[in-house]
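Asks: One letter stands for each residue in the lines below.
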Amino acid sequence: MSELEVNNLVVAFGGVKAINDVSFSVEPGEIYAVIGPNGAGKSTIFNAISRVYTPQFGSIRFQGQELLNCEAHEVVSAGIARTFQNIELFENATVLDNLLVGRASKVRTGALSEFFFTPRVRREEHEHRRKVEDILDLLDMQHHRYEKVADLSYGARKNVELARALCADPKLLLLDEPASGLNPEETADMSFWLKDIKEELGVTIVMVEHDMNLVGRIADRVLAIAGGEVLAVGNVTEVQSNPTVQAAYLGTDA
Amino acid sequence: MQVLFKTNYDQDINYLVDRGERVRVLLALALALIAPLVVGGYFLSELTMFLVYIIAGLGLMVLVGFTGMVSFGHGAFLGIGAYTHSVLLGYGLPFFITLPAGALAAGLIGAALGRAASKMHGFYMAIATLAFAIVVETGIGAWEHVTGGHMGLSVPPMAAFGWEVTAGPLQYYLILALVVFCIWGVANLMRSPTGRAFVAVRDSETSARSLGLNIARTRIKAFFISAMLTGLAGGLLSHLVFYLSPESFGVNESLKLLLMVIVGGLGTITGAIFGAVFVSILPNLINLLQNFLPSSIAEAAGLEQLLFGAIISGFIMFEPEGLYGRWRKLRLFIETFPYYKRATFTRQKRYLKTERFR
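Chains as they are written, first to last, in full-length UniProt numbering: chain R, 1 to 254; chain Z, 1 to 358.
In isolation and in its complexed conformation, chain R is listed as follows (with noise of 0.2 Å):
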């Protein structure tokens, strides 16, 4: 069975079809790649699996349970966790506490027992640091601890947003441009992690990315879209090779 199912989705804002019949499966423990170029619709996809949007029509099924039925807060619960294009990181928080967050679908205290910090409380916030300390770990980023976000540059505050959203224990990653606005050695550290994390933490990924050189490298297949259709699904090489996605990228003779 698939990891997530896409079918037949339709996303539309007033008269315009963001999303037009789009269907895709993604297996499980693969690195799913969706391309098109801007206004193609690929962050629409995002935000319709992560709830943010409504679809029209279609279905979006996630290890078998139909994500519809979730709200925006759910989704992670069933396992599915996301970064954003424009970096949405707490600023006035540390990098810890940012990633403590990211654990906030696992807290499991109330805010009366956390009035008093029973030791339960304390208990569990051990248990939540174990984890942020293993994600820490895994990209490297421990000198980064006790730093506000405000402070950190573009680069790192990427890889922040990718740590918090590890820290939720997802099943599937959705990466909306993991790798834009990243210099070249940083792009390569970001495609050694997530093969890291889809080999050693065996979790599925799906990313928006332009950085063909990227997407080469990591994902196993490729969605390429247009116009809020799909023009074609395979390995990297087919994908480009392929006549109607280099006309939606280059344009065709007159």
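Fair warning: there could be bad hints in the mix.
[Said to hold, decoys possible] In silico SDA-like links for lysine to any residue, alpha-carbon gap of 25 Å or less:
id : chain 1 : residue 1 : chain 2 : residue 2
1  : Z       : LYS119    : R       : GLU71
2  : Z       : LYS6      : R       : ASP151
3  : Z       : LYS341    : Z       : PHE318
Worth flagging that the hints you see were computed from the coordinates, not collected in a lab.
Got chain R; can you put chain Z on it based on the hints?
Replies: Just chain Z, lined up with the frame of chain R:
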């Protein structure tokens, strides 16, 4: 400058790990404990008032500072707490029941307001809370057979089973204990998931939601806790003013509370305390000032409001981090002398951030 070498996660969880901080807090506590032995009468009542404002400021800080929602209506919660407490006390219930009852009443009404305002932002929330303050003030005025309306309500003594807490050291210590309890509780909240959720909702709703936080519920929770603390402060306040009237819990009082948290420094517990110091000293300062001003200005109506407004705008423009921010800068200046750089606290321009989901 000392560097903490951390070897245990508890060092990040516990309070007062830093030695200097520990000394300062203990000193402040000791000072608070011996104060009634040193001062008396007028100053003690001013000090008690200051303690009560710490609780109220703490309440508003939870909402404005930590959760990022502005409230122009917290005076109303002060009023709800004060009236509930006083009216129930009038029925002969012991104060240790009526005080929590007042807090709970304020908290529940706060949660209801939070429910209504949970989808609002910025100006809209400011207007909604302002309207709420006016409605409550009018409501208290109109509900004459319970609240005494605009004739006012005289506050029964703080009593339980024939035993009475009168104004003076005993009352002071009781309120001090409550202040310490509230500060401890709020600090506990802020180091646990709920506190982090508040900050998360303040800084980025979009990602807070994607990480599994129910925005509306978090905001209602913040409103509940905030209103409850302010209601508790209201109950205590009633014994310091002796006589309740709806006007004393109007928009002016709300503005005073807001001034307090902004001047103190948004987003920190210490800020609420600094703000309370400021608000308790300000009326005295204004009184002092009036002695020096020509009588045409000193007796002009609205002088106090004018100064309040001027001070709020001054802080927003020149020191958004409030007195607490000033204090931090001063400390760093001393610690790193003579290498202090002004640029340390200059925020760089934010990276592109839009309201759109992209």
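Asks: Quickly compare the C-alpha distance for LYS119/Z and GLU71/R to 25 Å and report which way the hint goes.
Replies: holds (16 Å)
Asks: Does ASP151/R sit within 25 Å of LYS6/Z, going by the straight-line distance between their CA atoms?
Replies: Measuring from Cα to Cα gives roughly 22 Å; hence the hint holds.
Asks: Verify the proposed pairing of LYS341/Z with PHE318/Z, using a straight-line Cα cut of 25 Å.
Replies: Holds - the C-alpha atoms of PHE318/Z and LYS341/Z are around 18 Å apart, at most 25 Å.
The structure shown violates none of the earlier numbered hints.
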